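**Q** Below, each chain spelled out in residue letters.
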Amino acid sequence: MALAAPGRRPGEPRRVAYLYILPALLVFGLFVLVPLARTAQFSLYEWNGLGASTWAGLSNYRDLFTEPQLRGAFVHALVLVVFYAVVPVLLGLLLAAAMSRAVLRGMGFFRVVLFLPQVIPMVVVAIAWRQIYEPNGPLNDLLRFVGLDSLARPWLGDYTWALPSVGIVGTWVGTGLCLVLFLAGMSRIPRELYEAARLDGAGPLREFRAITLPSLRGELAVALTLTVIAALKTFDLVYVMTSGGPGTETTVPSYQVYNNAFLLGRVGIATALAVVLTLVVFVATVLINRVGERGQR
Amino acid sequence: MISRGERLANYAVLALFAVIAVYPVLLILQTALSNDQIGGGGSFHVENFADAWDQGHFGSYLRTSVVVAILVVGLSTLFSVLAGYAFGTMRFRGSEVLFYVILLGIMVPAEALVIALYFDLRELGLTNTLVAIVMPQVAQSTAFGTFWMRAYFRGSSREVVEAARIDGAGHWTTLWRILVPMGRPALTTMIVLVFMWTWNEFLIPLIMATDESLRTAPLGLAFFQGQYTSGTALLAAGATLVALPVIVLYLFLQRHFIRGMVEGAVK
Numbered sequence: 001m002a003l004a005a006p007g008r009r010p011g012e013p014r015r016v017a018y019l020y021i022l023p024a025l026l027v028f029g030l031f032v033l034v035p036l037a038r039t040a041q042f043s044l045y046e047w048n049g050l051g052a053s054t055w056a057g058l059s060n061y062r063d064l065f066t067e068p069q070l071r072g073a074f075v076h077a078l079v080l081v082v083f084y085a086v087v088p089v090l091l092g093l094l095l096a097a098a099m100s101r102a103v104l105r106g107m108g109f110f111r112v113v114l115f116l117p118q119v120i121p122m123v124v125v126a127i128a129w130r131q132i133y134e135p136n137g138p139l140n141d142l143l144r145f146v147g148l149d150s151l152a153r154p155w156l157g158d159y160t161w162a163l164p165s166v167g168i169v170g171t172w173v174g175t176g177l178c179l180v181l182f183l184a185g186m187s188r189i190p191r192e193l194y195e196a197a198r199l200d201g202a203g204p205l206r207e208f209r210a211i212t213l214p215s216l217r218g219e220l221a222v223a224l225t226l227t228v229i230a231a232l233k234t235f236d237l238v239y240v241m242t243s244g245g246p247g248t249e250t251t252v253p254s255y256q257v258y259n260n261a262f263l264l265g266r267v268g269i270a271t272a273l274a275v276v277l278t279l280v281v282f283v284a285t286v287l288i289n290r291v292g293e294r295g296q297r
Numbered sequence: 001m002i003s004r005g006e007r008l009a010n011y012a013v014l015a016l017f018a019v020i021a022v023y024p025v026l027l028i029l030q031t032a033l034s035n036d037q038i039g040g041g042g043s044f045h046v047e048n049f050a051d052a053w054d055q056g057h058f059g060s061y062l063r064t065s066v067v068v069a070i071l072v073v074g075l076s077t078l079f080s081v082l083a084g085y086a087f088g089t090m091r092f093r094g095s096e097v098l099f100y101v102i103l104l105g106i107m108v109p110a111e112a113l114v115i116a117l118y119f120d121l122r123e124l125g126l127t128n129t130l131v132a133i134v135m136p137q138v139a140q141s142t143a144f145g146t147f148w149m150r151a152y153f154r155g156s157s158r159e160v161v162e163a164a165r166i167d168g169a170g171h172w173t174t175l176w177r178i179l180v181p182m183g184r185p186a187l188t189t190m191i192v193l194v195f196m197w198t199w200n201e202f203l204i205p206l207i208m209a210t211d212e213s214l215r216t217a218p219l220g221l222a223f224f225q226g227q228y229t230s231g232t233a234l235l236a237a238g239a240t241l242v243a244l245p246v247i248v249l250y251l252f253l254q255r256h257f258i259r260g261m262v263e264g265a266v267k
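Top line first, the protein sequences correspond to chains X and S.
Those letters in the first sequence? Residues 1 to 297, by full-length UniProt numbering.
Those letters in the second sequence? Residues 1 to 267, by full-length UniProt numbering.
These are calculated hints, taken from the structure and not from any lab test.
Owing to the predicted nature of the structure, the values given are computational and were not obtained by experimental measurement.
Where is the CB? At the ideal position from N, CA and C, for every residue including glycine.
Careful, some of the hints might be misleading.
What follows is a set of in silico ranges between Cβ atoms, one per label pair, in the way DEER data are often shown [claimed, not checked]:
| hint | chain 1 | residue 1 | chain 2 | residue 2 | range |
| --- | --- | --- | --- | --- | --- |
| 1 | S | 5 | X | 187 | 42 to 52 angstroms |
| 2 | S | 228 | X | 209 | 44 to 54 angstroms |
| 3 | S | 3 | X | 247 | 34 to 44 angstroms |
| 4 | S | 228 | X | 247 | 34 to 44 angstroms |
| 5 | X | 22 | S | 122 | 24 to 34 angstroms |
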């Protein structure tokens, strides 16, 4: 090619690099940077999506904190973080620790199966779990079968239980991932460390805190990043399973973004919400990875 | 060494979680093969899939999804390889700043883009087109792909590149004749991930596609679900058809899926 500059090694200054990055930058600029800036701009106006817009300053942001329904969406997101991230990570750690002493055959098979929920389209996951939660679905059948009839209920229509029911689906998606990650991480810890600790008289709890946990920092960071972000960005699941209901019991930030922009005609509120959600995702990602990196040094 | 009992207990725990992981999938499959009509006999109603394909319009939804996936995967792979090559092997002014901007872009949730994008594209008369569904996903996947391919090109062997140079290969030839063929594993992982994200994407087509003819598979499924009560055979058959391509690909390339999601955890 004519642009070739013979005799230069990679890593050396090159003008032609700009040509190579041009398509990526163009598409990135047009479809990420510009819309992002426009979102920030929209968030400062009051607009119903059709007519004229009026300058609103930061009042849309104020509404996020004062309107109970909008604030509620963030509270629900926090609850989902517990179900999507905290429970799977703790469960994964506990199980992996319990299994760490064994060299198990057939892990390949279990890895494939346990990781499966991660790849299935969320809409399909939502449809499967809707069926499980049906008034006459498998969950209530099971409860009645074991004699717990009083616990059976229309889970997704129940004001108290709808949000945890959605959360459990997140737990289902995340637990396999955490278990697979932690088991892989533990198999890399040298056996001698545990033997030495045992000679020093360390119990299982000390062993876990002194050896297992520090060695798994990297895996913990990965697991938390994936699950926390999935929790904060929950949309498909709520859209298909509950549409935010009953009432507004299962609304989440992403759902309120969609709802306000396209159903309520409050584009300013929707975009302000999107900006805040983006900031929360950024901060969460950076914080989690800071903690993960510090441990590896 | 651990005792036999402990080993058995470990397998029991793993088996329990494996059952929980596959149960919802099997439930859908079982419902898809069941019979809705009262009085019908038999136990494997494969015709449900044909009904979902035709009457449920899943054939059309899947076709749209295939077109969208080919465009997103194709374009973002090309752009990522080119950009990753430059960021990974060349030095140029502003490379660090530009790279960090792209890296930040990986973290931006689609929610922060689609609202503004929808109204701006509407001004241009571009909503409800393939462009509106495909390009935002190309942009997001290119951000991830550039990050991913840069890591590969950085780690690629200097000696090989220099040998090519001595043989008179320019940077363009070096990229396509040597580095890309050598980077098949990294490329496969990236393609598999982008395909999965694109296939499963819901929010962007939900907002951008108003015509039924432009509905992707997950979108079509969600609308279908809204019309019928859950637990019906046709809905489950549709859900199976929507999930099948990703699951089959996953079963063949599971290492790429797992490695990619773990190493690319930034997204």
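**Q** So, for every hint listed, does it hold in this structure?
**A** Here is how each hint holds up against the structure:
no.	hint	verdict
1	5/S with 187/X: 42 to 52 angstroms	violated (21 angstroms)
2	228/S with 209/X: 44 to 54 angstroms	holds (52 angstroms)
3	3/S with 247/X: 34 to 44 angstroms	violated (53 angstroms)
4	228/S with 247/X: 34 to 44 angstroms	violated (24 angstroms)
5	22/X with 122/S: 24 to 34 angstroms	holds (28 angstroms)
The structure fails to meet hints 1, 3 and 4 from the earlier list, while all remaining hints are met.
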